[in-house]
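Trainee: In case you want the letters, here they are:
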Amino acid sequence: MGFFDVANSRLVYLLVVFVIVFVFILSIIFARKAWKRGIEMGISKDILKRVVKQSLIFTLVPSIAIVIGLFALAPALGIPWPWLRLSVIGSVSYELMAADMATSGMGMSLAEASSGGPAALGNIMLVMTVGISAGMIMLLIFGKGIMNKVSKLSASKSDFAHVVMACFMIALAAVFIPGILAKGTIFILTFVTSLLVTAIQAIIVEKYKVKWLKDFILSFSLVIGMASSILWASLLG
Amino acid sequence: MRTSEQYKKEIHKTGRIGLLITILLLFAVPIIICSVYDIFPTFKQFMLSSSGLLAIFVPLTISEVISFTPLLGSAAYLTFITGNIMNLKFPCAKGAMDVAGATPGTEKADVIATLSVGVSSMLTIIIIALGVLLLVPLEPILQLPAVKTATDYMLPSLFGALALSLLKSSGDIQVKGAWKAGVVPFVLILVVNLFVYPLVGLEGVALILMIPLTILCAKIAHKKGWINVEYLNETTEIQGGKE
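Protein chains in written order, with the numbering used here: chain E, 1 to 237; chain R, 1 to 243.
Do not rely on the hints blindly, as some may be mistaken.
Claimed, not checked - Cβ-Cβ distance ranges computed for the label pairs, FRET-style:
#1 E:185 <-> R:35: 25 to 35 Å
#2 E:71 <-> R:36: 25 to 35 Å
#3 E:142 <-> R:32: 22 to 32 Å
#4 E:141 <-> R:190: 26 to 36 Å
#5 E:53 <-> R:4: 20 to 30 Å
#6 R:10 <-> E:153: 20 to 30 Å
Stated by the list, open to error - Stretches of chain E that chain R covers, calculated by requiring three or more beta carbons in the stretch to come under 8 Å of a beta carbon on chain R:
#7 38–51
#8 54–68
#9 77–91
#10 122–129
#11 210–217
Stated by the list, open to error - With a straight-line cut-off of 25 Å between C-alpha atoms, the simulated SDA-like cross-links for lysine to any residue are:
#12 E:209 <-> R:232
#13 R:148 <-> E:72
#14 R:8 <-> E:39
#15 E:49 <-> R:172
#16 E:149 <-> R:215
#17 E:45 <-> R:14
#18 E:33 <-> R:24
#19 E:53 <-> R:164
#20 E:211 <-> E:42
#21 E:49 <-> R:173
#22 E:49 <-> R:86
#23 E:33 <-> E:46
#24 E:149 <-> R:220
#25 R:168 <-> E:196
#26 E:152 <-> R:223
#27 E:152 <-> R:44
#28 E:45 <-> R:106
#29 E:36 <-> R:123
#30 E:45 <-> R:103
#31 R:44 <-> E:119
#32 E:152 <-> R:107
#33 E:152 <-> R:213
#34 R:168 <-> E:52
Note that these hints are calculated values from the structure, not bench results. For each residue, glycine too, the CB sits at the ideal point set by N, CA and C.
Bound conformation, chain E alone (with noise of 0.2 Å):
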């Protein structure tokens, strides 16, 4: 038996469909029990149906980009294993370079990943799995605590808590942008076009009272910026 013949059989769809049925079943139950608390808390239905509809339209793009990731890791490790991996737990971009690591530990490339035979996959499977798992288990035994110290951080009464609490937002702009920022010209273009598009909708929803706009701001930036990202790589790549 080859590597694909096990990478692609009927067990590994099961297993993997088997999986990411629970997690889309999880999901309802989250959705749904947030919904409901969100009515218990008086918040209007009309707010929660403009959070769907934003959250729906905005995991469009990103989603197709994933989808992008799978065809990536397709060829090298066939179709279910990155399919789980990319609807449960895994990021497209972590993905990529965990197959990459995993392979080139076993002293070959992720693309010749099928000359090691099946057991090379069973080798890629357990490593990813146990490599990506450390963040859960850590959520499983710290989440709770992280979450009840920030829920009182935010009950309190001192302007010094709140302050706490935007700085974990700010501290996150200051890490990803400057990254972002320093990968090239092309990057800081299309990181300044999106900027750009979000000011310009932010003001019109503001100064023309575009309600509806507000729910569209993040989705047509990140659309119009990706555009952006194809005329300026023609124009300086």
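Assemble chain R onto chain E, guided by the hints.
Mentor: Same frame as chain E, now just chain R:
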């Protein structure tokens, strides 16, 4: 009607049970496959191929938990289960908080983020499943050079779209001038990226170091009066809608 404490207890229970079952299922898949096809690696093989990956991914994923859990609240459970955090779930939840005018850390933000990540996860799972079903007809379209370029630049577009939202407070509690706390970490990370080592893929680890530094800068700025907190009694509809 449930109290806030009852809801928290319930959502933590669901989250932790869901998390535990997912971990078990994720390990079960390779273990079952290795058992059925008799392809278990030897311990030596496993260690040789996993050491490099573990050295990077263990601290990375742990720092992600420490950095994102305070921002996502109980939505963190589903976010970490479904993955794609920085490229999809976090921006989606943050956008939803902005739409609802919710301040991160509050119960309202927790509920909104959970709803947002829940529906987002469902749609992502459906789209990836469609991608698998339509793999053959879709592949030539999704591998067009223009599509590939646009996808390569998704992260700068995403952060361009998100930058203002990250720097500006949403909800009833407004932290004015909070961006000032980010100047020193921003410059430091920029210098490291440009002249020391590109941090691509290691942002989680950098984040865990920059959060305390940002808080320290904020403490100084707050003392000097450069950062102030304002409590809004009423948010306007345009700011997210006060119920």
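Trainee: Look at each hint and say if it fits the structure.
Mentor: Against the structure, the hints:
Judged by the Cβ atoms, the range 25 to 35 Å given for residue 185 of chain E and residue 35 of chain R is violated: they are separated by roughly 52 Å. Taken as a hint, the range 25 to 35 Å holds for the pair residue 71 of chain E and residue 36 of chain R, whose Cβ atoms sit roughly 27 Å apart. Roughly 29 Å separates the CB atoms of residue 142 of chain E and residue 32 of chain R, a value that falls within the hinted 22 to 32 Å. The hinted window of 26 to 36 Å between residue 141 of chain E and residue 190 of chain R holds, with their beta carbons roughly 34 Å apart.
At about 26 Å, the beta-carbon gap between residue 53 of chain E and residue 4 of chain R stays in the expected band of 20 to 30 Å. Under the hint 20 to 30 Å, the C-beta atoms of residue 10 of chain R and residue 153 of chain E, about 22 Å apart, fit the expected range. A stretch counts as covered by a chain when three or more of its residues have a beta carbon under 8 Å from one of that chain; for the stretch 38–51 of chain E and chain R the count is 11, and the coverage holds. A count of 14 residues in the stretch 54–68 of chain E with a Cβ less than 8 Å from any Cβ of chain R is obtained; the coverage claim is therefore met, three being the minimum.
Given as covered by chain R, the stretch 77–91 of chain E passes the check, having 10 residues with a CB less than 8 Å from a CB of that chain where 3 are the minimum. Against chain R, the stretch 122–129 of chain E contributes 8 residues with a C-beta closer than 8 Å to a partner C-beta. That satisfies the three-residue criterion, and the hint holds. Here's how the stretch 210–217 of chain E fares: 4 of its residues keep a CB closer than 8 Å to some CB of chain R, so the rule of at least three is met and the hint holds. Between residue 209 of chain E and residue 232 of chain R the CA atoms are separated by roughly 20 Å; this keeps the pair inside 25 Å, and the hint holds.
A C-alpha spacing of about 11 Å is found between residue 148 of chain R and residue 72 of chain E, which places the hinted pair at or below 25 Å, so the restraint holds. Between residue 8 of chain R and residue 39 of chain E the alpha-carbon distance is near 15 Å, which keeps this suggested pair within the 25 Å criterion. Between residue 49 of chain E and residue 172 of chain R, the direct Cα distance comes to roughly 21 Å. Compliance with the 25 Å bound is thereby established for this hinted pair. For a cut-off of 25 Å, the pair hint linking residue 149 of chain E to residue 215 of chain R stands: about 16 Å separates their Cα positions.
Taken as a hint, the residue 45 of chain E and residue 14 of chain R pair is honoured in the structure, with Cα atoms around 24 Å apart against an allowance of 25 Å. Between the alpha carbons of residue 33 of chain E and residue 24 of chain R the distance comes to roughly 24 Å, so the proposed pair stays at or under 25 Å and holds. Straight-line distance between C-alpha atoms of residue 53 of chain E and residue 164 of chain R comes to about 21 Å, which keeps the hinted pair within the 25 Å bound. Of the pairs offered as hints, the one joining residue 211 of chain E and residue 42 of chain E holds, with about 21 Å between alpha carbons and a cut-off of 25 Å not exceeded.
For the suggested pair residue 49 of chain E and residue 173 of chain R, the alpha carbons sit about 23 Å apart, so the restraint of at most 25 Å is met. With a C-alpha separation of about 24 Å, the suggested pairing of residue 49 of chain E with residue 86 of chain R holds against the 25 Å cut-off. The suggested pairing of residue 33 of chain E with residue 46 of chain E holds, with an alpha-carbon distance near 17 Å, which does not exceed 25 Å. A threshold of 25 Å between alpha carbons decides the hint, and for residue 149 of chain E with residue 220 of chain R the separation of about 23 Å falls inside it, so the pair holds.
Of the pairs offered as hints, the one joining residue 168 of chain R and residue 196 of chain E holds, with about 15 Å between alpha carbons and a cut-off of 25 Å not exceeded. Proximity of residue 152 of chain E to residue 223 of chain R is assessed by CA-CA distance (about 22 Å); at most 25 Å being required, the pair is judged to hold. Between residue 152 of chain E and residue 44 of chain R the CA atoms are separated by roughly 47 Å; this puts the pair beyond 25 Å, and the hint is violated. With a C-alpha separation of about 19 Å, the suggested pair residue 45 of chain E and residue 106 of chain R falls inside the 25 Å cut-off, and the hint holds.
Between residue 36 of chain E and residue 123 of chain R the CA atoms are separated by roughly 20 Å; this keeps the pair inside 25 Å, and the hint holds. Using a Cα cut-off of 25 Å, the hinted pair residue 45 of chain E and residue 103 of chain R holds, with the two alpha carbons roughly 19 Å apart. At roughly 13 Å between alpha-carbon atoms, residue 44 of chain R and residue 119 of chain E fall within 25 Å of each other, so this suggested pair holds. Proximity of residue 152 of chain E to residue 107 of chain R is assessed by CA-CA distance (about 11 Å); at most 25 Å being required, the pair is judged to hold.
Between residue 152 of chain E and residue 213 of chain R, the direct Cα distance comes to roughly 22 Å. Compliance with the 25 Å bound is thereby established for this hinted pair. For the hint linking residue 168 of chain R to residue 52 of chain E, the alpha-carbon distance of about 22 Å falls within 25 Å, and the restraint holds.
Checked against the numbered hints given earlier, the structure breaks hints 1 and 27 and satisfies all the rest.
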